[in-house]
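With these hints in hand, go ahead and build the complete structure from the sequences.
Read off the chains here:
Protein chains: 2
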Amino acid sequence: MKLITAKDISTLKFSELFQDAVRYLEADLGRWQEFKKSSRHAVHFPHGVFELMPVADGAHYTYKYVNAHPSNPEHGKLSIVALGMLADVQSGYPQLVADMTLLTAVRTAAMSAIAAKHLARTDSSVFGIIGCGAQSEFQVYAMRQLFPPTEIRYFDRDAEAMEKFERNLAHSGITLTRCKNADEVVRTADIITTCICEKAKVRLFAYDAVKGRDVFINAIGGDCPGKTELDPEILRNARIVVEFYEQTKKEGEIQNLAGETACDEMWEIVQGKKAGRTDADRIIVFDSVGFALADFSMLRMLHERGIGVDVALLPEPHNPKNLFALFR
Amino acid sequence: MKLITAKDISTLKFSELFQDAVRYLEADLGRWQEFKKSSRHAVHFPHGVFELMPVADGAHYTYKYVNAHPSNPEHGKLSIVALGMLADVQSGYPQLVADMTLLTAVRTAAMSAIAAKHLARTDSSVFGIIGCGAQSEFQVYAMRQLFPPTEIRYFDRDAEAMEKFERNLAHSGITLTRCKNADEVVRTADIITTCICEKAKVRLFAYDAVKGRDVFINAIGGDCPGKTELDPEILRNARIVVEFYEQTKKEGEIQNLAGETACDEMWEIVQGKKAGRTDADRIIVFDSVGFALADFSMLRMLHERGIGVDVALLPEPHNPKNLFALFR
Numbered sequence: 001m002k003l004i005t006a007k008d009i010s011t012l013k014f015s016e017l018f019q020d021a022v023r024y025l026e027a028d029l030g031r032w033q034e035f036k037k038s039s040r041h042a043v044h045f046p047h048g049v050f051e052l053m054p055v056a057d058g059a060h061y062t063y064k065y066v067n068a069h070p071s072n073p074e075h076g077k078l079s080i081v082a083l084g085m086l087a088d089v090q091s092g093y094p095q096l097v098a099d100m101t102l103l104t105a106v107r108t109a110a111m112s113a114i115a116a117k118h119l120a121r122t123d124s125s126v127f128g129i130i131g132c133g134a135q136s137e138f139q140v141y142a143m144r145q146l147f148p149p150t151e152i153r154y155f156d157r158d159a160e161a162m163e164k165f166e167r168n169l170a171h172s173g174i175t176l177t178r179c180k181n182a183d184e185v186v187r188t189a190d191i192i193t194t195c196i197c198e199k200a201k202v203r204l205f206a207y208d209a210v211k212g213r214d215v216f217i218n219a220i221g222g223d224c225p226g227k228t229e230l231d232p233e234i235l236r237n238a239r240i241v242v243e244f245y246e247q248t249k250k251e252g253e254i255q256n257l258a259g260e261t262a263c264d265e266m267w268e269i270v271q272g273k274k275a276g277r278t279d280a281d282r283i284i285v286f287d288s289v290g291f292a293l294a295d296f297s298m299l300r301m302l303h304e305r306g307i308g309v310d311v312a313l314l315p316e317p318h319n320p321k322n323l324f325a326l327f328r
Numbered sequence: 001m002k003l004i005t006a007k008d009i010s011t012l013k014f015s016e017l018f019q020d021a022v023r024y025l026e027a028d029l030g031r032w033q034e035f036k037k038s039s040r041h042a043v044h045f046p047h048g049v050f051e052l053m054p055v056a057d058g059a060h061y062t063y064k065y066v067n068a069h070p071s072n073p074e075h076g077k078l079s080i081v082a083l084g085m086l087a088d089v090q091s092g093y094p095q096l097v098a099d100m101t102l103l104t105a106v107r108t109a110a111m112s113a114i115a116a117k118h119l120a121r122t123d124s125s126v127f128g129i130i131g132c133g134a135q136s137e138f139q140v141y142a143m144r145q146l147f148p149p150t151e152i153r154y155f156d157r158d159a160e161a162m163e164k165f166e167r168n169l170a171h172s173g174i175t176l177t178r179c180k181n182a183d184e185v186v187r188t189a190d191i192i193t194t195c196i197c198e199k200a201k202v203r204l205f206a207y208d209a210v211k212g213r214d215v216f217i218n219a220i221g222g223d224c225p226g227k228t229e230l231d232p233e234i235l236r237n238a239r240i241v242v243e244f245y246e247q248t249k250k251e252g253e254i255q256n257l258a259g260e261t262a263c264d265e266m267w268e269i270v271q272g273k274k275a276g277r278t279d280a281d282r283i284i285v286f287d288s289v290g291f292a293l294a295d296f297s298m299l300r301m302l303h304e305r306g307i308g309v310d311v312a313l314l315p316e317p318h319n320p321k322n323l324f325a326l327f328r
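Order-wise, the sequence lines are chains W and R. With the first letter of the first sequence counted as 1, position 179 gets the number 179 in this note's numbering; the numbers rise by one all the way through. With the first letter of the second sequence counted as 1, position 31 gets the number 31 in this note's numbering; the numbers rise by one all the way through.
Honestly, the hints are just simulated from the structure, not real lab data. Note that the Cβ used here is the ideal one computed from N, Cα and C, for glycine as well.
No farther apart than 20 Å at their CA atoms in a straight line, the calculated lysine to aspartate or glutamate pairs in the EDC-like style are these:
(1) K2(R) with E316(R)
(2) K2(W) with D310(R)
(3) K13(R) with E316(W)
(4) K77(R) with D310(W)
(5) K13(W) with E316(R)
(6) K180(W) with E198(W)
(7) K2(R) with D310(W)
(8) K77(R) with E316(W)
Here are the in silico distance ranges between beta carbons for each label pair:
(9) R144(R) with Q271(W): 57 to 67 Å
(10) E74(W) with R305(R): 29 to 39 Å
(11) E74(W) with G306(R): 24 to 34 Å
(12) A27(R) with G58(W): 40 to 50 Å
(13) A27(R) with Q271(W): 51 to 61 Å
(14) E246(W) with K201(R): 22 to 32 Å
(15) H47(W) with R203(R): 44 to 54 Å
(16) G30(W) with H47(R): 24 to 34 Å
(17) R203(R) with G58(W): 28 to 38 Å
(18) K36(R) with G30(W): 31 to 41 Å
From chain W, some residues computed to sit far from chain R (all C-beta separations above 12 Å):
(19) T122
(20) T150
(21) C179
(22) E184
(23) D208
(24) D231
(25) L257
(26) A262
(27) Q271
(28) G272
(29) A275
(30) D279
(31) R300
In structure tokens, the structure reads:
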């Protein structure tokens with residue numbers, strides 16, 4: 001079994017890693033029907049959530065453990081850490097255990113890139129982002145692979161987070177426009193990514209701020225019951241795309257809409273069963289909560305790269321029915 | 001974060017490990033109401049199952065990953081391997097990842113011991129076991145801590161498994177009676193443990209073989225939809241005790257009974273809210289499927305022992321909101 005640490009991953013060449021992430025994820029969305037899928041399992045506390053995200057195809061079973069503790073950064077800790085496991089379906093034996101903290105940010109950005117490719121206007125050039133936390137630069141990176149942005153507009157309640165964001169993008173050649181609030185961010189943005197950490201039903205900006213415009217809203221922060229970012233009026237006036245409806249209905253922005261919501265699932269668009277952006281579309285919301293398949297793709301990528309160190313975690317009795325003998 | 005291998009665990013003194021396992025598990029059953037509980041998550045394939053078993057109290061969140069692949073031993077592999085994780089509830093950070101293959105056998109035996117203490121006749125002396133696989137000697141060990149057995153009666157379709165079982169118990173001083181079938185095992189047994197691996201609805205022995213006798217049936221092998229070991233007629237004529245009804249109804253022997261089944265949960269007996277065996281009880285079945293709390297107890301025990309090696313699995317950015325910086 002391989003143990004793959006965050007250091008093993010962070011020393012990979014990022015541009016290749018990201019390209020691979022998109023490639024593996026697109027390939028897996030392309031064979032969506034082959035997977036055994038379910039909503040993730042969540043244990044909620046007032047201050048944070050603990051999630052398990054399993055999925056399997058005929059060759060591999062994977063799960064990711066991930067938390068979300070919005071106040072962790074106040075204590076010098078990451079809001080979100082994660083670890084993943086990949087097992088061989090034939091035997092059930094784990095083949096790798098890996099840090100998934102970095103790859104959670106990478107796969108979320110890869111999914112955003114796939115969504116934007118299909119759902120944003122091809123002439124998008126102003127990128128807005130609300131929330132300048134750990135995922136923000138990954139999101140900017142994803143969009144830059146698709147569109148040459150002329151301007152990035154951004155806002156975070158935490159001024160230090162904005163300063164960090166600015167330092168990271170100082171040499172990007174893109175105009176950086178620090179905004180006073182979310183409304184100001186979205187006013188002229190073509191692509192809007194919402195990624196705040198607060199666990200509450202907030203309305204980052206009013207429907208009026210985007211009304212009638214052909215914007216793509218990449219809503220990735222609302223991902224938990226009781227944690228949403230968008231004015232429901234926006235949803236009522238948008239085409240909505242999700243990862244896996246059954247899970248998103250409980251966790252995504254659409255939890256605020258009564259009854260069932262008409263949505264496309266991203267795999268339908270990747271497979272060409274549903275159209276991407278058409279002339280008839282105005283606001284399109286990708287109500288992204290994070291689905292197990294994206295983690296599967298990353299774990300499959302790690303497995304095929306063969307990185308990490310071998311560890312003998314499991315017992316290896318001479319006779320598999322003589323487990324007890326190991327204790328003597 | 002600690003990484004705890006099977007070797008780290010197998011080098012512990014078994015008698016102390018088992019005593020501790022019972023002690024931790026009894027303590028946790030004693031505060032059952034403090035836990036956030038749910039049925040485990042399972043992904044089924046024709047040849048095996050993949051399970052995730054999460055649970056949390058106010059201090060720790062744990063999960064166990066475990067498979068069950070009955071035909072693995074034909075390829076020199078264990079039917080069941082497992083790994084577990086314990087995280088700090090305050091931060092969500094993993095504190096240990098451990099092999100749970102050995103401790104799955106240990107905790108199952110510890111749970112059997114707790115059940116037998118409350119539900120078997122105190123003068124039990126003949127122990128029957130059907131299935132001489134990886135868990136069988138752990139089960140015998142558990143019962144020997146409570147009762148001085150005069151005889152062990154056993155059967156397995158696999159003669160080599162019985163030979164291994166006999167070698168392991170050769171110096172126990174207990175009469176070993178190899179039986180030709182399960183009926184012969186149970187005929188004079190006071191405590192009957194069923195632990196075969198086959199994924200099917202089998203009837204190991206007929207109700208008539210135990211009818212009217214004060215036996216304790218420790219049914220641990222039927223633990224999956226479509227995988228049961230007992231004649232439902234036995235269940236209709238027995239007092240039934242389970243770990244967590246919501247899960248057992250789907251996975252245990254009682255899946256074969258229509259509608260809801262009147263059961264006691266083990267914690268109720270441990271806490272004295274329900275009686276253990278009374279004079280009115282004849283057959284008592286512990287319909288044990290394996291519940292996440294027992295794994296929690298083992299992971300808590302490992303955590304408090306502080307064994308294993310430190311590994312830096314997760315990223316440790318200087319600024320928790322500057323995850324992207326780790327890639328440069």
